[in-house]
Amino acid sequence: MASLQMAALLSAPSTPVPSDRVRVGSLRLSASSSSAARNGGALVVRSEAKVSGGGASARGLSLITHAVAEKAAAASSADSKPGHELLLFEALREGLDEEMERDPTVCVMGEDVGHYGGSYKVTKGLATKYGDLRVLDTPIAENSFTGMGIGSAMTGLRPVVEGMNMGFLLLAYNQISNNCGMLHYTSGGQFKIPIVIRGPGGVGRQLGAEHSQRLESYFQSIPGLQMVACSTPYNAKGLMKAAIRSENPVVLFEHVLLYNLKERIPDEEYVLSLEEAEMVRPGEHVTILTYSRMRYHVMQAAKTLVNKGYDPEVIDIRSLKPFDLYTIGNSIKKTHRVLIVEECMRTGGIGASLRSAIIDNFWDYLDAPILCLSSQDVPTPYAGTLENWTVVQPEQIVAAVEQLCK
Amino acid sequence: MAAALLRRASTSSSASLLRPLSGRLFSSDETVLSIETSVPFTGHKIEPPSRMVDTTPKELLSFFSDMALMRRMEIAADSLYKAKLIRGFCHLYDGQEAVAVGMEAAITKADGIITAYRDHCTFLGRGGNLVQAFSELMGRQAGCSNGKGGSMHFYKKDASFYGGHGIVGAQVPLGCGVAFAQKYNKEGAVTFALYGDGAANQGQLFEALNISALWDLPAILVCENNHYGMGTAEWRAAKSPAYYKRGDYVPGLKVDGMDALAVKQACKFAKEYALANGPIILEMDTYRYHGHSMSDPGSTYRTRDEISGVRQERDPIERVRKLILAHDIAPASELKDIEKEVRKQVDDAIAQAKESPMPDASELFTNVYVKGYGAESFGADRKEIRATLP
Numbered sequence: 001m002a003s004l005q006m007a008a009l010l011s012a013p014s015t016p017v018p019s020d021r022v023r024v025g026s027l028r029l030s031a032s033s034s035s036a037a038r039n040g041g042a043l044v045v046r047s048e049a050k051v052s053g054g055g056a057s058a059r060g061l062s063l064i065t066h067a068v069a070e071k072a073a074a075a076s077s078a079d080s081k082p083g084h085e086l087l088l089f090e091a092l093r094e095g096l097d098e099e100m101e102r103d104p105t106v107c108v109m110g111e112d113v114g115h116y117g118g119s120y121k122v123t124k125g126l127a128t129k130y131g132d133l134r135v136l137d138t139p140i141a142e143n144s145f146t147g148m149g150i151g152s153a154m155t156g157l158r159p160v161v162e163g164m165n166m167g168f169l170l171l172a173y174n175q176i177s178n179n180c181g182m183l184h185y186t187s188g189g190q191f192k193i194p195i196v197i198r199g200p201g202g203v204g205r206q207l208g209a210e211h212s213q214r215l216e217s218y219f220q221s222i223p224g225l226q227m228v229a230c231s232t233p234y235n236a237k238g239l240m241k242a243a244i245r246s247e248n249p250v251v252l253f254e255h256v257l258l259y260n261l262k263e264r265i266p267d268e269e270y271v272l273s274l275e276e277a278e279m280v281r282p283g284e285h286v287t288i289l290t291y292s293r294m295r296y297h298v299m300q301a302a303k304t305l306v307n308k309g310y311d312p313e314v315i316d317i318r319s320l321k322p323f324d325l326y327t328i329g330n331s332i333k334k335t336h337r338v339l340i341v342e343e344c345m346r347t348g349g350i351g352a353s354l355r356s357a358i359i360d361n362f363w364d365y366l367d368a369p370i371l372c373l374s375s376q377d378v379p380t381p382y383a384g385t386l387e388n389w390t391v392v393q394p395e396q397i398v399a400a401v402e403q404l405c406k
Numbered sequence: 001m002a003a004a005l006l007r008r009a010s011t012s013s014s015a016s017l018l019r020p021l022s023g024r025l026f027s028s029d030e031t032v033l034s035i036e037t038s039v040p041f042t043g044h045k046i047e048p049p050s051r052m053v054d055t056t057p058k059e060l061l062s063f064f065s066d067m068a069l070m071r072r073m074e075i076a077a078d079s080l081y082k083a084k085l086i087r088g089f090c091h092l093y094d095g096q097e098a099v100a101v102g103m104e105a106a107i108t109k110a111d112g113i114i115t116a117y118r119d120h121c122t123f124l125g126r127g128g129n130l131v132q133a134f135s136e137l138m139g140r141q142a143g144c145s146n147g148k149g150g151s152m153h154f155y156k157k158d159a160s161f162y163g164g165h166g167i168v169g170a171q172v173p174l175g176c177g178v179a180f181a182q183k184y185n186k187e188g189a190v191t192f193a194l195y196g197d198g199a200a201n202q203g204q205l206f207e208a209l210n211i212s213a214l215w216d217l218p219a220i221l222v223c224e225n226n227h228y229g230m231g232t233a234e235w236r237a238a239k240s241p242a243y244y245k246r247g248d249y250v251p252g253l254k255v256d257g258m259d260a261l262a263v264k265q266a267c268k269f270a271k272e273y274a275l276a277n278g279p280i281i282l283e284m285d286t287y288r289y290h291g292h293s294m295s296d297p298g299s300t301y302r303t304r305d306e307i308s309g310v311r312q313e314r315d316p317i318e319r320v321r322k323l324i325l326a327h328d329i330a331p332a333s334e335l336k337d338i339e340k341e342v343r344k345q346v347d348d349a350i351a352q353a354k355e356s357p358m359p360d361a362s363e364l365f366t367n368v369y370v371k372g373y374g375a376e377s378f379g380a381d382r383k384e385i386r387a388t389l390p
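If you read the protein sequences in the order shown, they are chains C and X. Mapping the first sequence onto the UniProt record's numbering, position 262 (from 1) lands on 262, and the numbers just tick up by one. Mapping the second sequence onto the UniProt record's numbering, position 68 (from 1) lands on 68, and the numbers just tick up by one.
A portion of the hints provided could be inaccurate.
[Claimed, not checked] Here are the simulated DSS-like pairs of lysine-lysine, each with C-alpha atoms no more than 30 Å apart in a straight line:
1. X:K157 x X:K354
2. X:K268 x X:K157
3. X:K186 x C:K129
4. X:K45 x X:K245
5. X:K354 x X:K268
6. C:K124 x X:K186
[Claimed, not checked] Which chain C residues face chain X? A few, computed with CB under 10 Å, are given here:
7. L136
8. N178
9. S221
10. P223
Worth flagging that the hints you see were computed from the coordinates, not collected in a lab. In this text, a Cβ means the ideal position worked out from N, Cα and C, and glycines have one as well.
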């Protein structure tokens with residue numbers, strides 16, 4: 001599945017870049033190949049990569065034109081494809097490692113991130129490499145260590161604060177809301193808070209109600225905060241790097257069930273844009289907006305839908321605050337039908353806000369009411385079957401699209 | 001000596017309003033005086049410093065004028081609030097000036113200070129000026145936070161003053177974070193995280209103290225104990241009101257917070273300790289004459305006799321005045337003149353602040369995000385949010 005997505009990513013139509021704006025851009029094809037790939041099929045990656053890795057210029061220059069920086073190719077003797085394969089948590093670690101190496105002010109704080117290597121192994125090996133002052137094991141005191149991260153960010157450090165589970169960060173809600181989000185404003189611009197707050201959230205496999213929370217719905221109305229959700233190894237690494245480089249406080253939402261996704265990502269350094277959504281599968285009939293784990297349920301439903309003759313356009317919105325209404329709007333103008341699939345609960349979730357943002361901005365383009373599939377407004381039960389009924393399943397997505405396209 | 005005392009900087013130009021505190025030299029006399037603090041220090045798990053404090057006539061006069069300025073500013077803020085020019089919450093510091101002034105005498109601008117909402121005088125002490133302070137209180141453009149913060153959100157980054165925070169206790173982890181950054185960057189500086197006796201019962205304080213002690217951070221936690229957490233007396237809120245002892249494994253020092261010299265000695269001692277060993281707690285035994293804020297008369301939970309008793313016996317400005325007179329540093333008339341001048345400075349600053357306009361409507365949307373390298377933040381449709389207000 002990941003390779004299909006990779007191909008789909010490479011075939012994504014590139015959004016026009018205003019010439020005056022410098023983009024720390026996303027990886028994209030040269031213009032000619034992107035228009036040819038617009039039908040959304042898999043793109044065959046033809047590469048001239050030699051086994052004995054030459055410089056980057058020898059391999060795939062026709063493929064990659066906007067990499068931020070070029071590293072010498074890490075030759076893998078058995079590999080003939082470009083890039084290297086890894087799991088999502090390793091991609092996060094790679095992004096974090098590269099940023100820590102590049103910028104000595106980047107440090108990591110969290111429970112068991114150091115000696116233990118991180119409860120999901122995202123920070124494994126970093127403590128031995130960078131030492132105890134840059135990869136800090138904290139006691140179980142979310143309120144205060146998040147506050148300390150914010151305090152150190154006020155002086156110019158760039159801490160990456162890990163919540164072992166996003167749900168634990170509810171204990172730090174005051175710090176995140178009042179100090180992290182608002183200090184830039186209330187100080188009249190004097191203090192910047194370049195902090196990254198990250199951690200796994202979402203409904204897992206029978207983890208119980210308190211460990212299955214979706215904090216994006218609680219944080220979304222904090223002014224001054226940016227929120228992004230990663231869903232593939234490719235965007236995980238790119239978003240991690242972008243979040244660390246951003247001068248704004250960024251909350252990076254990872255998902256407990258996605259850490260072991262495998263994908264081939266480029267060797268070259270790349271940084272994604274925090275405010276951009278990702279076109280997963282271009283289509284004509286309906287726009288499906290989703291993020292994080294629900295993306296995979298949507299893609300699974302998309303297979304069924306394609307067999308039934310529908311052509312859904314799937315967009316991983318990635319940026320939960322602010323919404324990328326540019327990409328979303330262009331899609332709605334084309335398809336005129338919207339389905340939002342999210343893991344938040346119905347009340348006050350990301351879908352609720354997205355729905356009203358779409359109504360405010362694109363009402364005239366809609367041919368049908370916006371459908372929003374969310375999790376049920378219940379604490380996540382432990383029993384497996386009940387848990388499955390709490391979140392949106394592919395069958396429901398198929399049924400919703402059929403209803404929309406009637 | 002009299003000639004030195006008569007040397008005075010110009011008082012009438014408006015430039016004086018923008019001068020930082022005590023830029024004026026009443027006396028350049030630097031002879032060292034050794035003065036005893038009012039009470040000895042009490043230590044918890046540490047040997048307290050000597051109660052003989054070295055100071056100079058110049059320093060004593062600067063204490064006097066700085067504290068007089070702070071006192072005058074707070075009283076003027078009281079009148080402005082009653083005239084409805086200052087709205088919302090306004091927490092006044094009069095009575096506690098010695099803490100701000102004594103601390104400044106012991107440290108540099110590289111050392112950080114962070115406090116809660118009773119921050120007007122701390123802001124002045126860090127080098128803020130009266131016009132910025134009054135403008136911010138009245139919500140004008142010339143305010144230190146452009147009018148968008150208010151009374152509880154004064155900041156001065158270039159002087160390492162980290163604010164100005166409304167939520168009780170939340171500033172302590174922030175302060176420990178600043179201390180962490182100072183250690184990370186090997187700056188050789190310390191951070192003073194101030195909080196009140198009410199905030200001393202916040203869990204995040206002990207969490208931050210634990211982490212600071214584990215990581216040996218140069219953090220100094222200063223409890224400004226004015227004995228009342230809004231309307232609740234300390235003995236009704238804390239099982240153990242000995243706040244300097246509540247660090248348990250972290251040493252503490254109890255200081256008479258109405259004596260600027262004792263505060264200076266304690267802060268100097270704490271800075272040396274923190275740079276070498278890690279966190280330390282200072283408890284400043286102080287008092288506020290006003291209520292918790294302007295909406296609190298301050299007399300429902302304490303007697304007027306208590307307030308006037310403290311004012312008569314322990315007032316910080318009076319204490320320094322008596323010292324100055326006792327050591328013949330300046331005549332009483334000179335001190336009266338200083339107070340008159342301070343009054344004038346404050347009145348001029350208020351007049352100037354009143355002329356500053358309210359912030360522009362477009363300011364509503366500025367500084368929500370930082371526009372910077374790496375990730376520019378857009379509104380819907382990737383354009384800057386334009387303000388469309390009714």
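Verification of the supplied hints:
1. X:K157 x X:K354: Holds: K157 (chain X) and K354 (chain X) sit about 25 Å apart, inside 30 Å.
2. X:K268 x X:K157: Distance of about 22 Å is within 30 Å: holds.
3. X:K186 x C:K129: holds (20 Å)
4. X:K45 x X:K245: Within the cut-off at roughly 8 Å; holds.
5. X:K354 x X:K268: violated (39 Å)
6. C:K124 x X:K186: Holds, at about 26 Å.
7. L136: holds (7 Å)
8. N178: holds (6 Å)
9. S221: It is violated, given that the least Cβ distance between S221 (chain C) and chain X is near 13 Å, above 10 Å.
10. P223: Since the shortest Cβ distance to chain X is 6 Å, the answer is holds.
This entry does not satisfy hints 5 and 9, going by the numbered hints stated previously.
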